[in-house]
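Asker: Each chain is listed here by its residues.
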Amino acid sequence: MKSVGIIGTAKNTGKTTTLSALLRSLKNRKIAVTGIGYDGEEIDNITMLPKPRLYFEKGIIVATAAKCILNAEVEYKILKKTSIPTPLGNVFLVEITKPGLVVIAGPNRVSHLKELMKLIAGLGIDLLLVDGSLNRISPMYLLDELIFTTGGSKNTDIKILTDEMVTVEKIFSLPSAAISPDSVSSISFVSGSDFIPCDLATFIDDDDLGILKKCIPDRCEKIIIPLFFSKYALTGLVQFLKSRRSSVAVNEIVLLSPVHLLLSSDFLRLDSLLRLLSNSGIKFSYVFTPRLKAITINPFFPKLYNYHFVAGYLDKDEFLRSMKGKLSIDVFNVKERFDFDF
Amino acid sequence: MKKILCVPFDPVHDVGIKIIKAELDKYGHDTKLLSPDLTPEAIVKIAASDKFDFILVSRTLGYGVAELLARFVDLLDAAGVRETSKIVIGGKPITPELAAELGFDKGFGANSSMEEIVAYIEGREITLSGQGLNRTKKDIASKYDYSFNNLEIEALLGSIADKLIDWAKTKSSPGIQRAVIREKIFNATDQTEKDSLLKEYYALCDTEIINANTRGKFIKGVRKVTGKELENLANFIKHRKPVDPVKIQHADNHPLVFKFLGSGCPIMDITHAKVCERYGIDGFLVINPSWEARFEGLIEGCLTHENDGTITSFDNIKLLRDSLDSSTLLTVRAHRGLNTPETILLAGLAGADLAKINLVYGSLGAGTDPVRLAVDGLYAIQLAARFNMPFDIPGNDELSGVPAWKSLAGLLINVMIGKKLGAKPILKPLFCYGPHIVINGLMKQNYIDYNTAKILALRSIVNSPIWPGEPIAFMTQSEERVQSANANSYHAALAAGLGVDVITVASTDEAYSRGPICVTSRIDTIRAITDAYKFVGNASFKPTPRAEEFTKMLIDKITEVLTAVEARDNLPGAIYDGLLGNQEDGAYPGTFGAGTVN
Amino acid sequence: MKRALDSVMDAIDIETYLVCADPLEGKKLAMQLGTELNLGEIDIMYEEFDGYGMRVRLRKYIYKPGNNYLYLENIAPEKEGDL
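Residue numbers (this note's numbering), protein chains in the order written: chain A, 74 to 415; chain B, 1416 to 2013; chain C, 21 to 103.
It is worth saying that the hints were derived from the structure and are not from the lab.
Note that the coordinates shown come from a computational prediction; the quantities given were computed from them, not determined experimentally.
Treat the hints loosely; a few may be bogus.
Okay, derived cross-link-like pairs now, SDA-like style, lysine to any residue, Cα gap no bigger than 25 Å in a straight line [said to hold, decoys possible]: (1) C/K80 with A/K366; (2) A/K376 with C/G54; (3) B/K1466 with A/S259; (4) C/K48 with B/K1553; (5) C/K80 with A/S259; (6) A/K376 with C/Y81; (7) A/K154 with B/E1498; (8) A/K376 with C/C40; (9) C/K48 with A/L174; (10) C/K84 with A/L174; (11) A/K124 with B/L1483; (12) A/K171 with C/K48; (13) B/K1507 with C/K48; (14) B/K1653 with A/V383; (15) C/K48 with B/P1451; (16) B/K1662 with C/K48; (17) B/K1653 with C/C40; (18) C/K48 with A/Y128; (19) B/K1656 with C/A41; (20) A/K243 with B/R1486; (21) A/K287 with B/D1465; (22) B/K1662 with C/Y81; (23) C/K84 with A/A384; (24) C/K48 with A/S259; (25) A/K376 with B/R1486; (26) B/K1662 with C/G54; (27) B/K1466 with A/D278; (28) A/K304 with B/K1662; (29) B/K1466 with A/E188; (30) B/K1418 with A/K154; (31) A/K140 with B/P1451; (32) B/K1656 with A/S319; (33) A/K376 with C/P85; (34) C/K80 with B/P1508; (35) A/K124 with C/P85; (36) A/K304 with B/K1507; (37) A/K124 with C/D42; (38) A/K140 with C/A41; (39) C/K48 with A/K243; (40) B/K1553 with C/G71.
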C-alpha cells in the first residue's frame, strides 16, 4: 500500500482542493482516505468564509470520526469501529456505498496514524491519502510521499513563499540513513556496530545540549537523534562538533525525518540552519525519507477588510512562474486542473 | 488523582486556566501552572520531563493563532508527549470541530461547565437523568404546615371558612354535576354506560359545547390537531434532547421559576416549553381562552385555537404533561368560569401537578357569579386535595384598583378553606405595579418596599408557600425588550432575596398585545433571571423603613377587611357587598352562572 | 426614493430562533437567512445551540467606520421657508 500525505503550510492553502483533485484523478484505484485533523466543512471555523467540500465516490474507504460519518450525506457500510479517539468520537472505517460529501476527522497523532495505516493495509488498499490539517505535519513522516500546499494565506509575498519552498525542497533532498526505524528509540551514539544510548527525553535547550555533549563517546562516528529537537540545540551541537573536529570524529547526524527538521524552526530560519549543516562537513540523513512529490499553490488568501474576511488573490501567473523557476519538483496551481501520477 | 500541566498559551489572558486549576486542586488533583510567557519549546520540554496525564492549554483564538497552536501540538507529538498525556484545548470559541482541526484530544468552549471538565479529567461520564435535564421534581408545599402566627386573623378566617363550607354543604351546580359525571365516564368500562353518561353530561352543557363535541362544529378559530401534527411533535421530542441544560437557581434556596403557556396551540406551547426547559424553567402554567369560562361544559379532544389561550381539554393537558420532562411542573388554571370543578378533575386525571383556584378573584375580576364560584370552588379544592395537587391563589389587584390588602385578605380566605379541606394552598401575592399602587404613589420611590411588605405581611400571618406573580414585574414592562428583561431580573432578584418559593415570569413580549409570544422573548427573561439570581446569590435588597410601615398597614387593613367579611353570613354575600373589592376599586361581581346553583 | 436601509445608522440586528439538529446546521441556516432576506453576508454575533435549535443574533452592517453615511446627506432643509 502506498501512502500520500497533503501538508498545508497554513490554513486555506489548498489542502482540500488538492485532495479533491487527487480523488478525481484516482477514480479507478482502490483508495482509502483519512485526515489528521478536520476537513471538508462548509464554513471556515475562524473566517466564516465558505470552504471547498470533499466528495467521495462509491467504493472509497474513508476513516473518519463517528460524528462526521453519522451526519454525512452519504450511504456507507461500516467496516470497523476503531478505538482511535478524536474530539468527535472514535474513528470509523467505512466503505462508501452511495456517493456524497463527508467531513474527514481522523487520527491526530503518530501512534494512532500508525495503527490506522496497519488496519487499512489489511483491507487490500492500493493507495492511502492522508489529509493534513492547518499546518500540522508531525505524523506525516510515516507516509511514502508528501504534497505541500502553500499560498497567500501563509504570506502575501511571493518571493518569501518561493524561498520557503526552496528550503523545504532542500530539506527533503537529504539522504536516507539506511537505519531500521525499529533499532532506534532514543538518542544514540554509533561507534562501529555499537549503539550507545543517551538518556534525553528531548533535545531542546542548553541543558540538553550540555548533557549530550558530555555523553559523546570517543570514536563516535554517528549521532542518531530520533526525537524532537530544536534548531537551537542542533545548531549548538553542529557548532560544537565543528570546533572539536580534531578530537571528535562524528561524521554523520541522523535525524528521524525531514518533518522533524521542519518542526525545529520556522521555514525562513531553517535556511540558515541548512547552510550551517552543509558547511559543517557533517553528513545529515534521515531514518524515514518520505518523498516530496509536488507542491501546489493557492493564490487565495482571506483578507481582513472592515472587520470582515473577504477573498484576496495573489497574481497566480507570477506565483507559478516564481515557484517553477526555483524548484525542480512539480508545481501546480490548485485552482487549475492537474493530474498526479501515482 | 491526576497529574495535570496547565498551560496559558496566551501571553496576557490566563485567568481562565487559573480558575480551572483552582477547581481541579479542590478535587485533589496534582496541577502545575506554567507562566504565560514560555516558548512552545520550553513548554514541550517541561511536558516531556514528567509524565502528565493531561496538558490543558488555554488560548483565545484569532487568525494566525490556529497555526501557532497546531505547531505546538506537532511539537508535543514529535516529542512523544502524546503517548502519555492527553492534550486539551480550552477557550471561548472552541468547539469539538475546532479541537479536531487543531489536533487536540478534547476541546472545551464557552458552554462547557466545570463539572464537564472535571468529569473528563477523572474519566467519568456525566450522567443525566430525566431526558437530560438532570433534576428532580420539586414539592412546593411540602415544608409548610399552614399554622397561623396571627391568632386574631386565624380566628376570623376560621369562622369565614367554616360558614362557607357549611353554607355550601347542600348546594350543587351544573359544574359540579358535570365533574361527577365526567369522573364516572373516565372510570366506566362499558361503552353503553359511557354513552349514557355522556348524554347526561350534554344535558348540562351549552349548545356550542354539544355541537363541538358531537358534530365537530367548533367555535371560530378552533380545530382538531391532526395525527400528522402530533406525529411531527412526537418526533421533535424524541429526536431532540436538551444540550448543556441550564439551572436558573444559583443558590439552593432560590425560587423555582414558572412560565405561562397558552399560545392557543398545544404544539407551539410544547415546542416553546421544551426550549424553556433547557434554559432552566421549572414549571408552566397553562392559560386557557377566556371564552372557555363562559360556556357550561368543556370541548374534548386535542385542539388548537388561533387566538390567545390553549384549550384545557383532557387531551391537551395530557399532551402537555406527557411532552414535558418528568421533572417539570404543570399548573392548570381553574380560578374562574363555569368549569372549575371539571377542569381540576381533568387536570388531576391527566397528571397535572398544580392548579389555580381563587374563589374571590374569579368572581370579582373574571366574571363568574360569586355564589356559583364559591360552590364550584369548594368542590374544586376538595378535588385538588384528592389528587394531591397544591393550588395557587392569584391576587386580583393587578388590573383593577383593588387595594392589596383586600386582595391579600381574599388569598388568606382561600388558604384557610384549603387548610380545612385538606388541600395545599399557595399564596400568590402580585409583584405588580397595579392601578391602586399607581394612584396612591405606593411604589413611586422604589419598587422594593411595597412588594417586600406584601411578603412580610403574609409571612407574619401564616406559614404557607408564597409564589409571587402573575407574572412578576407586571405593568412595569414595556415593549422594549431590554427594559422588559431588566424589569424581570430586578423583581426576580427581589423575590430571591425575600426567600419566596416560586415566581412566575413573563416574556419580553409581555407588553405587546398584537401577536403571540415568541420563543426568543421567553428566553430573554429566563436569561435575565438566571443572571439576576447569580447577582444576588444569598444577599438581598435592603428596603427603606417604609417597608415596615407598609407591612403594619397591610396587616391592620387585612384584619379590618376580614372582620367585615366575617360579620356577613357567607363569603359570596361579602363579595356582593364589595368588601373584597367594590365598584370604586374597579371590581364587579361576575354574572356568568348566576342563578345556576341548586 | 429614499431607501429605508440607507437610513439605518449602522446595522440591522436580527434576533431569532432557528430550529436545527446541531450547531453546524444552525450556523448554516443563520448565514442562509441573510441571503434569503436579501441582506447578503451577515455576521453571527451570538449563537447558542440548546438541543432543539439555536438562538441567534445576526447583524448586517449597513455602515461601518469610514463609509459614506447617506443619512447625513440632505439633512439641512431645502429652503428657509421649511423651518
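Asker: It remains to establish, for every hint, whether it holds in the given structure.
Answerer: Hint-by-hint comparison with the structure:
1. Simply put, C/K80 and A/K366 have alpha-carbon atoms about 45 Å apart, too far for the 25 Å limit, and the pair is violated.
2. The straight-line distance between the Cα atoms of A/K376 and C/G54 is roughly 21 Å, inside the 25 Å bound, and the hint therefore holds.
3. Of the pairs offered as hints, the one joining B/K1466 and A/S259 holds, with about 17 Å between alpha carbons and a cut-off of 25 Å not exceeded.
4. Under the criterion of a C-alpha separation no larger than 25 Å, the hint pairing C/K48 with B/K1553 is inconsistent with the structure, at around 39 Å.
5. Using a Cα cut-off of 25 Å, the hinted pair C/K80 and A/S259 is violated, with the two alpha carbons roughly 57 Å apart.
6. A hinted pair counts as satisfied when its Cα atoms are at most 25 Å apart, and A/K376 with C/Y81 qualifies at roughly 18 Å.
7. Restraint check for A/K154 and B/E1498: the C-alpha separation of about 21 Å stays at or below 25 Å, so the hint holds.
8. Pair hint A/K376 plus C/C40 does not hold up; C-alpha atoms about 31 Å apart against a cutoff of 25 Å.
9. Our distance criterion of 25 Å between C-alpha atoms is met by C/K48 and A/L174, whose separation comes to about 16 Å.
10. Annotation: proposed proximity of C/K84 to A/L174 is violated, straight-line Cα distance about 37 Å (limit 25 Å).
11. Taken as a hint, the A/K124 and B/L1483 pair is honoured in the structure, with Cα atoms around 21 Å apart against an allowance of 25 Å.
12. Of the supplied pair hints, the one linking A/K171 and C/K48 holds, its CA atoms being roughly 24 Å apart against a limit of 25 Å.
13. Proposed proximity of B/K1507 and C/K48 is supported: the alpha carbons are some 20 Å apart, at most 25 Å.
14. Straight-line distance between C-alpha atoms of B/K1653 and A/V383 comes to about 41 Å, which puts the hinted pair past the 25 Å bound.
15. For the suggested pair C/K48 and B/P1451, the alpha carbons sit about 36 Å apart, so the restraint of at most 25 Å is broken.
16. For the hint pairing B/K1662 with C/K48, the CA-to-CA distance comes to about 28 Å; that exceeds 25 Å, so the pair is violated.
17. About 14 Å separates the Cα atoms of B/K1653 and C/C40, which keeps this hinted pair within 25 Å; it holds.
18. Proximity of C/K48 to A/Y128 is assessed by CA-CA distance (about 19 Å); at most 25 Å being required, the pair is judged to hold.
19. Between B/K1656 and C/A41 the CA atoms are separated by roughly 10 Å; this keeps the pair inside 25 Å, and the hint holds.
20. Between A/K243 and B/R1486 the CA atoms are separated by roughly 21 Å; this keeps the pair inside 25 Å, and the hint holds.
21. The hinted pair formed by A/K287 and B/D1465 meets the criterion: a straight-line CA distance of about 23 Å does not exceed 25 Å.
22. Proximity of B/K1662 to C/Y81 is assessed by CA-CA distance (about 35 Å); at most 25 Å being required, the pair is judged violated.
23. For the hint linking C/K84 to A/A384, the alpha-carbon distance of about 19 Å falls within 25 Å, and the restraint holds.
24. Between C/K48 and A/S259, the direct Cα distance comes to roughly 49 Å. Violation of the 25 Å bound is thereby established for this hinted pair.
25. A C-alpha spacing of about 22 Å is found between A/K376 and B/R1486, which places the hinted pair at or below 25 Å, so the restraint holds.
26. Proposed proximity of B/K1662 and C/G54 is contradicted: the alpha carbons are some 33 Å apart, above 25 Å.
27. Of the supplied pair hints, the one linking B/K1466 and A/D278 holds, its CA atoms being roughly 19 Å apart against a limit of 25 Å.
28. This hinted pair does not check out: A/K304 and B/K1662 have alpha carbons roughly 51 Å apart, beyond 25 Å.
29. Straight-line distance between C-alpha atoms of B/K1466 and A/E188 comes to about 23 Å, which keeps the hinted pair within the 25 Å bound.
30. In summary, the hint linking B/K1418 to A/K154 is not supported, as the alpha carbons are separated by about 30 Å, beyond the 25 Å threshold.
31. Distance check on the hinted pair: A/K140 and B/P1451 sit about 34 Å apart at the alpha-carbon level, beyond 25 Å; violated.
32. For the hint linking B/K1656 to A/S319, the alpha-carbon distance of about 73 Å lies beyond 25 Å, and the restraint is violated.
33. A hinted pair counts as satisfied when its Cα atoms are at most 25 Å apart, and A/K376 with C/P85 qualifies at roughly 17 Å.
34. Restraint check: the Cα-Cα separation between C/K80 and B/P1508 comes to about 21 Å, which is no more than 25 Å; the hinted pair holds.
35. The suggested pairing of A/K124 with C/P85 is violated, with an alpha-carbon distance near 28 Å, which exceeds 25 Å.
36. In summary, the hint linking A/K304 to B/K1507 is not supported, as the alpha carbons are separated by about 33 Å, beyond the 25 Å threshold.
37. With a CA separation close to 19 Å, the supplied pair A/K124 and C/D42 stays within the 25 Å bound.
38. Proximity of A/K140 to C/A41 is assessed by CA-CA distance (about 13 Å); at most 25 Å being required, the pair is judged to hold.
39. As the CA atoms of C/K48 and A/K243 are separated by approximately 43 Å, the hinted pair breaks the 25 Å bound.
40. Our distance criterion of 25 Å between C-alpha atoms is met by B/K1553 and C/G71, whose separation comes to about 24 Å.
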